[in-house]
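**Student:** Sequence:
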Amino acid sequence: MDDYRGKKVLVTGGLGFIGSNLAIRLVGLGASVTILDNLDPGGGGNRFNIDPVKNDVNVVIGDTCDLEKVQPLVSGCSHVFNLAGQVSHIDSMEDPFSDLRKNAVGPLTVLEACKKKNREARVVYAGTRQAYGRADVLPLVESLVLKPVDVNGVNKMAGEWYHMVYHGAYGIPTVSLRMVNTFGPRQLVKHSRQGFIGWFLKLAIDGETIQLFGDGQQFRGFNYVDDVVEALLVAGTSTKVVGDYFNLGGMRPHTLESLVQTLLCATGSGAYKMVPFPSEKRSIDIGSAFSSFIKFHVATGWEPRVPLDEGLRKSVEYYRQHKEHYW
Numbered sequence: 001m002d003d004y005r006g007k008k009v010l011v012t013g014g015l016g017f018i019g020s021n022l023a024i025r026l027v028g029l030g031a032s033v034t035i036l037d038n039l040d041p042g043g044g045g046n047r048f049n050i051d052p053v054k055n056d057v058n059v060v061i062g063d064t065c066d067l068e069k070v071q072p073l074v075s076g077c078s079h080v081f082n083l084a085g086q087v088s089h090i091d092s093m094e095d096p097f098s099d100l101r102k103n104a105v106g107p108l109t110v111l112e113a114c115k116k117k118n119r120e121a122r123v124v125y126a127g128t129r130q131a132y133g134r135a136d137v138l139p140l141v142e143s144l145v146l147k148p149v150d151v152n153g154v155n156k157m158a159g160e161w162y163h164m165v166y167h168g169a170y171g172i173p174t175v176s177l178r179m180v181n182t183f184g185p186r187q188l189v190k191h192s193r194q195g196f197i198g199w200f201l202k203l204a205i206d207g208e209t210i211q212l213f214g215d216g217q218q219f220r221g222f223n224y225v226d227d228v229v230e231a232l233l234v235a236g237t238s239t240k241v242v243g244d245y246f247n248l249g250g251m252r253p254h255t256l257e258s259l260v261q262t263l264l265c266a267t268g269s270g271a272y273k274m275v276p277f278p279s280e281k282r283s284i285d286i287g288s289a290f291s292s293f294i295k296f297h298v299a300t301g302w303e304p305r306v307p308l309d310e311g312l313r314k315s316v317e318y319y320r321q322h323k324e325h326y327w
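In the working numbering, the protein residues as written are 1 to 327.
Careful, some of the hints might be misleading.
What the hints assert, rightly or not - Label pairs and their in silico Cβ distance ranges:
(1) E120 with D40: 24 to 34 Å
(2) G28 with R320: 35 to 45 Å
(3) R305 with T239: 32 to 42 Å
(4) M274 with G6: 50 to 60 Å
Simulated from the structure, these hints should not be mistaken for laboratory data. Positions of the beta carbon are idealized from the N, C-alpha and C atoms, including for glycine.
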């Protein structure tokens, strides 16, 4: 991690969930951090997310699709963490062109800025497990064909492959990490459109009833945000990952019902019940899906270290302490 000390680093989407946790860690490692975020009202950007380092980072409010704004920001950077984007699957189906702009045009613009101003920068992209679609084989491995079932998955897949193309065509050292369900402090919890775990956390802390669609036996993989930040930092320094894509993943898969039961133990409040799938969500549901992180582990040694119960306890403690900034 000494590789980041004294280096200039750009984090797009740095006021959001994963980006803010990464920015805080980078500051701790001695990096000079610039954040680019558009503070989209529908997204997870929150100025309080970077409160611990608010005087130690340069925050630029702007759009990753704005090439003229992005070009000077990538100039001189040793690393660019290309994290800005939209994660809502429902929103992507309701407004596909907005999702295309945020998840394909935005990442492509960052790459084009690097092509013009800084081809040496290591560009780390936040990909997604969603690109696989419904699983034919579990766990998901990188050799499987990508068959996304919603617009978000298609656009995130395109964003990832722009990174592979720009490495092959222009020599830019890129890498993509296909993330699973990430959770932890600084996640948007006000509604469920940016991910169900944050919404479940809010309901449980408030003593409300969580609704599980179907029978709740769908398996998922989960990563606590500190493990994801560690993976991003490793991807930014390893010589064995350039020009390639890798799955992240949890220690072991959990059913959605077992996730909720563990969460309710952490909060000591709340309840849950099974409800039928809404039609608009049934059509894009992927069933059980969890990934193998063995390829990334072999290349870098990374592995998740925070078990689900511990991560949920830490998350509950954070939101109870800072509730006014997230509710």
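**Student:** None of the hints should be skipped; say for each whether it holds.
**Tutor:** For each hint, the structure was consulted:
1. Taken as a hint, the range 24 to 34 Å holds for the pair E120 and D40, whose Cβ atoms sit roughly 30 Å apart.
2. For G28 and R320, the hinted distance range of 35 to 45 Å is not satisfied, since their beta carbons lie about 24 Å from each other.
3. Separation of R305 from T239 is about 23 Å and departs from the stated range, judged on CB atoms against 32 to 42 Å.
4. Separation of M274 from G6 is about 53 Å and conforms to the stated range, judged on CB atoms against 50 to 60 Å.
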